[in-house]
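Fit chain Z to the given chain X structure using the hints.
Residue numbers (my numbering), protein chains in the order written: chain X, 1 to 246; chain Z, 1 to 409.
Treat the hints as calculated values from the structure; they're not laboratory data.
Even glycine gets a Cβ: it sits at the ideal position worked out from N, Cα and C.
A portion of the hints provided could be inaccurate.
Stated by the list, open to error - Covered by chain X, according to a simulated footprint, are these stretches of chain Z (three or more residues, beta-carbon under 8 Å):
hint : segment
1    : 2-14
2    : 311-322
Stated by the list, open to error - Here are the computed distance ranges between Cβ atoms for each label pair:
hint : chain 1 : residue 1 : chain 2 : residue 2 : range
3    : X       : 178       : Z       : 380       : 32 to 42 Å
4    : Z       : 380       : X       : 1         : 56 to 66 Å
5    : X       : 120       : Z       : 369       : 51 to 61 Å
If you want the building blocks of each chain, they are given just below.
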Amino acid sequence: MAFIELKDIKKTYQLGKTQVPALKGVDLQVERGEFTVVMGPSGSGKTTLLNIIGLLDRADEGSSYRLDGEELGGRDFNEMAGLRNRKIGFIFQSFNLIPVLNVVENVEFPCLLRKEDRGILRKRVLTLAGDVGLEPYLHHKPDELSGGQRQRVAIARALATQPEIVLADEPTANLDSVTSEQILDLMQRLNESRGVTFLFSTHDPRIMKRARRVVRLADGKLVEGNGNGSSGAELPGQASAALEAR
Amino acid sequence: MWTLLAMAWRNVRRNRRRTLITLAAMVVGVGAVIAVRGVLNGLQAGIIRTSAEGQLGALQVHRAGYLDNILSTPLTMDFPVEPALLDRLRDVQGVRAVSPRIQFAGSIAKSVPAEEELPEALFFTALAVDPKTEPAVCPLRKDAYLDGTRFDDAHLVLGSALAESLAAKVDDEVVLLAPDKDGSLNGEVARVGGSMHALLPGEPKVAVVPLALAQRLLRMEGRATELAVAVDDLRDIDAVKPRLAEALGPEWEVHTWLEVVPERQLIMRLQDGVSAIVSVVFLVLMLLGVANTTLMAVLERTREVGTMLSLGLTRAQVMALFLLEALVLGALGATGGLLLASGFVARFAHGGLQFRAPGATQPFDVLPFLTLPFTLVVLAVAVLGSVLFALYPARRASRLRPVEALAGR
Chain X
1 MAFIELKDIK
11 KTYQLGKTQV
21 PALKGVDLQV
31 ERGEFTVVMG
41 PSGSGKTTLL
51 NIIGLLDRAD
61 EGSSYRLDGE
71 ELGGRDFNEM
81 AGLRNRKIGF
91 IFQSFNLIPV
101 LNVVENVEFP
111 CLLRKEDRGI
121 LRKRVLTLAG
131 DVGLEPYLHH
141 KPDELSGGQR
151 QRVAIARALA
161 TQPEIVLADE
171 PTANLDSVTS
181 EQILDLMQRL
191 NESRGVTFLF
201 STHDPRIMKR
211 ARRVVRLADG
221 KLVEGNGNGS
231 SGAELPGQAS
241 AALEAR
Chain Z
1 MWTLLAMAWR
11 NVRRNRRRTL
21 ITLAAMVVGV
31 GAVIAVRGVL
41 NGLQAGIIRT
51 SAEGQLGALQ
61 VHRAGYLDNI
71 LSTPLTMDFP
81 VEPALLDRLR
91 DVQGVRAVSP
101 RIQFAGSIAK
111 SVPAEEELPE
121 ALFFTALAVD
131 PKTEPAVCPL
141 RKDAYLDGTR
151 FDDAHLVLGS
161 ALAESLAAKV
171 DDEVVLLAPD
181 KDGSLNGEVA
191 RVGGSMHALL
201 PGEPKVAVVP
211 LALAQRLLRM
221 EGRATELAVA
231 VDDLRDIDAV
241 KPRLAEALGP
251 EWEVHTWLEV
261 VPERQLIMRL
271 QDGVSAIVSV
281 VFLVLMLLGV
291 ANTTLMAVLE
301 RTREVGTMLS
311 LGLTRAQVMA
321 LFLLEALVLG
331 ALGATGGLLL
341 ASGFVARFAH
351 GGLQFRAPGA
361 TQPFDVLPFL
371 TLPFTLVVLA
381 VAVLGSVLFA
391 LYPARRASRL
401 RPVEALAGR
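Here chain X stands alone, though its shape is the one from the complex:
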């Protein structure tokens, strides 16, 4: 059984009187520990797919989403919030740090929602902050950090809850090329050392090159890399070639 198992995922948005289909029946399986990229042009449904996997949005009736063997359809908001908090880490394009919290507080914020020993938590957060190179900035507020530093905080925050999967929506889109490389190095290292599953949506060819698997969305459907992660994986080279050919 795959770690993430999506079957016939559909999502239609109602815009006034118009129905706009965003996903038209996506089947996708992701194995534990994968470093997977979802690519596709704007409007292809990448963000919608990540939102559904991240339990930020619900798929339409008839869709099936299993995470770690557990069917997630029909959960109420607070159950989904609990699952997000325990199992999923998020990295956003605009970093989305809480402005009033400093680096350490931002990283430990999602963990504070649980009843966890503060001492143990602080120790883990400091280790994590060290791992992402934030040691000198522990008590800085987000507006005192560069873009790259902020995204490091976001990565540390995504990992602080010890999630099973990290979802990253265009994580390098707001970073320069050198910083993007550093951030990608960091995420790849964390993927390998911690075995955390990473799932990206991106246009960035550098991420394609590093991905063990690339799936491609077009017009709300999965057109490449469909099916089981291990059997249907594409080579990074092929993915980047496909992208560069566009």
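The following block gives chain Z in isolation, referenced to the frame of chain X:
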């Protein structure tokens, strides 16, 4: 919860200008409501003290039916002032002092040498009191006397308006004319001991006359129409009244000073009512400011709410965060308002605020003071009301869909 409270505190400090404007409105609102009540407390305490200890006496005892007949035949309901009667009253628990009085009306004229033209006689109302026992019942009465005024068995005190009309000076001789209870007109000569201000509204042409002189004038030797009673504690008059009534029996009536001058009670109730309405309006306007500030915060921080929801905050936790921010604002505003009002009250607690009642010839000092129950209610309304008024924006934040909130919608 501590994390949310710490965040709430920092969020309140985040948009300092907006927070300061909201806080200023709250401080002024809470401060004004508490301070105005403090001034009213002082004013009403002044009215109560002046009425009960300077004019009327805390309680008044009359023959049954006296107050109903006061305009027609007050003198016919007189009684002998016997030591046994006074002792019966003094023995009642809570009674401090008793003094006999007569209220009557007559005319007064300045006495002139025989060769001069008779001056015009003026109608006046008089309160005849015993110069020896009255000060124990109405110790504040002398505060209304002008400097140098004498009041004894030979000297009467004229109200300043009456003294002015008569052009009477200290030690001038005056002639009092009044009908006794049979209707016969009698006269007595007295000397002016001085004049007095009216601190509260009332009949402008009044005089305080020594009781013995009035008894001679009205042919009521050894008799009175009223017993003024002072109590140990003014707050207990409603408890002392039935005890007095029981000790005296059904031939007598006992009234508190408020029952004798119900219009003063009406005025104080009116003051309470108007101040309550103004307070509610002030507090509601102030709380709408808190609601507006919270709504602005929610609208500005929609993406942040989306982030928090995506990190796993429950709807209740998001709501709690915004309610805590309103709570912090409310608590700061209430504290500031309390300090402002306390400062104002402390500044004037020992004098400096004067109030002139309509019809009074002299203002009296209002000494504002705060009472704990009212102050606590205002503070609680400010703090809890802030939370209540923030419910709508906080609920709105908590109902955001994470995807839309993350997109800032």
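Tested hints:
| no. | hint | verdict |
| --- | --- | --- |
| 1 | 2-14 | holds (count 5) |
| 2 | 311-322 | holds (count 7) |
| 3 | X/178 x Z/380: 32 to 42 Å | violated (58 Å) |
| 4 | Z/380 x X/1: 56 to 66 Å | holds (57 Å) |
| 5 | X/120 x Z/369: 51 to 61 Å | holds (55 Å) |
In this structure, only the earlier hint numbered 3 is contradicted, and the remaining ones agree with it.
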